[in-house]
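Residue numbers (the numbering used here), protein chains in the order written: chain A, 1 to 336; chain B, 1 to 58; chain C, 1 to 256.
By construction, these hints were calculated from the structure, which means they are not laboratory data.
By construction, the Cβ of each residue, glycine as well, lies at the ideal position given by its N, Cα and C atoms.
Careful: at least some of the hints might be erroneous.
[Stated by the list, open to error] Using C-beta positions, here's what the derived DEER-type ranges look like:
1. B/D10 to C/L232: 30 to 38 Å
2. B/S31 to C/P174: 37 to 45 Å
3. C/S7 to B/R29: 20 to 28 Å
4. A/A139 to B/S31: 39 to 47 Å
5. B/Y28 to C/S7: 39 to 47 Å
6. B/E33 to C/G72: 34 to 42 Å
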Amino acid sequence: MTTTATQDPRGRPAPRGPASPGAALAVLPHVLRGALTWTDAHRAEFALPEDVLEPHTQVNATLKPLGELAQLCSTVRAATAPGTPEHEVAGDLVTYAWEQVSRGGLLLELLRAEPFAAYPYEIYAAFAGYGLRHEGFEALARPLTATRAWAHTEQHANRQLGLINSERRVGVVTHTDAGGVLSRTWLGGLSEPWTFEGPSGYALTHTVFHLTDWGRMPDRVPEKTDAYLRTWLPAWADGCLESGQWDLTGELLAVAASLPGPAPLELLDAVWPVLADVQHATGCVPETGVPVHEDAPDPYPFIDCYHSTLVTAFAAALSLRSLTDGSGPSRERHTP
Amino acid sequence: MYTTDTTATDIELDLDTALNPGEIDGVYRDSRECAYLALLAGGGALLLSPPTPRPKKG
Amino acid sequence: MDQTHASSPLAGAVHDLATEVVLALRSGDHLATVCGAAGIDEENRTGIAAARVIGADLLLPSVLYGRHPHPGDVAVLDRAVREFPPKPDAPAATAWSHWHMISTLQRFAPPPQGATGPGTAVGTGTTVGTGTTVGTGTTGTYAEPDAAWLENAPWQSFTHQLSVLAPLAVPAAPSAVQRAAADRAVDLARGFVRAVRRRDWLQAAGAGRWLAAIGGEPATLGLERGLDFVELMGGHDPRVTLHVRAARLMAEARAR
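Construct the complete structure from the given sequences, taking the supplied hints into account.
Given below as structure tokens:
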């Protein structure tokens with residue numbers, strides 16, 4: 001899997017197939033369905049263990065995947081049409097995750113155990129944004145999120161945007177202005193695009209996810225940020241494809257589909273068919289590396305593919321929405 | 001100096017390659033995190049953050 | 001991925017020649033002979049082949065400083081044109097670099113009696129004679145090779161091919177390649193970003209040189225610092241330094 005420029009025997013570059021118009025729309029419904037089918041079939045692996053609240057339990061292997069299941073499936077649900085199988089499965093999965101946290105009761109217990117941690121609130125906000133609320137959790141969170149300490153939580157700027165988005169979802173006054181925080185992110189600083197790599201790439205995608213409430217509010221992307229992303233996303237996605245960073249590729253596609261205005265057609269048409277080829281017949285997508293194409297019920301360990309598969313479903317749902325909403329000239333070539 | 005003459009065929013083959021080079025293989029390497037001077041290595045879960053870094057086989 | 005390793009006598013000669021061009025660009029000393037300093041004369045076939053690889057950049061110091069080239073360098077370039085013409089099935093890029101060598105020779109040739117000046121001949125971009133005053137003389141017209149393929153090439157291979165044709169990125173040297181570059185500055189800028197991310201410093205330097213020559217890149221690219229970075233990372237290959245220095249000289253000239 002490389003995107004190295006190819007040449008015919010006479011040395012003229014051969015046009016690369018993927019950029020054909022309509023290529024994204026041709027694969028997206030199948031990609032979305034496959035990723036959701038895999039997730040649904042593996043829902044038990046998102047289940048929280050009995051000792052989830054114990055201090056020794058790894059939150060990154062328990063609460064993080066479950067929170068992501070809730071967050072990404074709630075976006076898929078919002079981006080798909082009622083009555084479609086995708087809409088129904090996504091809704092089922094959010095409900096499943098809500099039951100795993102005892103309809104919020106477990107999150108309250110978590111908050112009582114770690115009242116000064118931000119992550120219980122962020123996980124709760126994933127549900128609250130979907131309309132699933134827990135009165136007791138909010139009662140305890142309310143004074144905590146009103147403290148000076150909360151407003152001065154030390155963390156990366158992109159994650160601070162995540163907190164602001166969580167506050168918006170829960171419906172409390174945000175502890176600071178999103179615009180000021182955005183300007184401190186790698187993306188908001190309109191960083192030199194040739195400094196892009198994995199860590200800045202993930203910082204960038206999460207900046208957009210938090211800013212747009214996971215793709216629901218594209219108009220929150222400032223114009224200069226939009227132009228910057230439309231200009232450079234193709235270059236970054238190309239490198240992710242060549243280096244087999246499928247998870248980051250999916251996140252960049254979700255970003256592309258979260259921009260205000262027309263979908264960046266050329267980019268979606270060039271990249272989606274490649275990611276579709278990487279997707280296994282069972283619907284899962286590996287995080288990185290050489291894809292497995294052989295028949296196997298579970299070609300990758302859960303921990304190596306659940307995130308990228310959820311991201312693929314999320315990006316596919318947003319891309320379908322973006323490609324089938326409205327029309328008009330793309331701003332892809334607009335330069336800041 | 002490198003400019004000792006070799007056979008015409010060698011030179012012409014080398015020349016064709018030099019005039020029309022293919023792309024080199026891309027080399028990708030990301031920055032690592034160094035916890036030096038960091039107060040906390042991972043202060044709590046990063047909800048909805050990038051996949052948790054894990055040692056890769058191979 | 002060391003692109004400078006002298007894997008062949010030709011690669012070594014290219015390295016030496018590029019090094020001398022860089023020195024001449026740095027000093028601005030038009031009296032020096034690039035080929036002489038690299039130990040290349042008209043009788044040295046490997047050296048002539050190296051001159052074919054470096055192409056019109058052999059005379060780049062004169063082009064950028066607006067001075068007359070050393071006759072020895074003109075003679076070697078002329079010899080390279082005649083010794084290694086593109087084969088009928090040669091790649092388009094090879095035909096283009098050959099064309100550009102001829103047009104550069106023409107640029108420095110005194111106007112033949114009764115003809116228009118060489119600048120005018122180059123400027124028309126369609127018929128370029130090498131003139132009878134250059135070396136032993138290659139006469140006749142030489143039309144621009146085909147460039148339509150560049151218009152439809154994906155931005156990745158477009159940038160790669162343009163980078164191979166970086167010697168064409170000089171001021172006042174219009175060509176279909178240069179027009180294609182100007183039409184696709186954003187694609188070239190994306191290609192620059194891609195090349196840096198792949199650590200293909202030579203391609204990045206070539207793409208950056210084109211952007212410096214034509215302008216129009218998105219402001220967020222940060223080309224100036226990007227070129228500094230490329231030179232520091234890839235400058236062990238004198239061809240990288242050559243392109244970066246050419247880019248800086250052109251950017252400075254544009255800024256004036």
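Right, here's what the structure says about each hint:
Restraint check, B/D10 to C/L232: a C-beta distance of roughly 34 Å satisfies the suggested window 30 to 38 Å. Between B/S31 and C/P174 the C-beta distance comes to about 43 Å, which sits within the given range of 37 to 45 Å. Checked against the hint of 20 to 28 Å, the C-beta distance between C/S7 and B/R29 comes to roughly 24 Å, which is consistent with it. At roughly 42 Å, the beta carbons of A/A139 and B/S31 sit within the given window of 39 to 47 Å.
With their beta carbons about 24 Å apart, B/Y28 and C/S7 fall outside the hinted range of 39 to 47 Å. Between B/E33 and C/G72 the CB atoms are about 56 Å apart, so this pair departs from the stated range of 34 to 42 Å.
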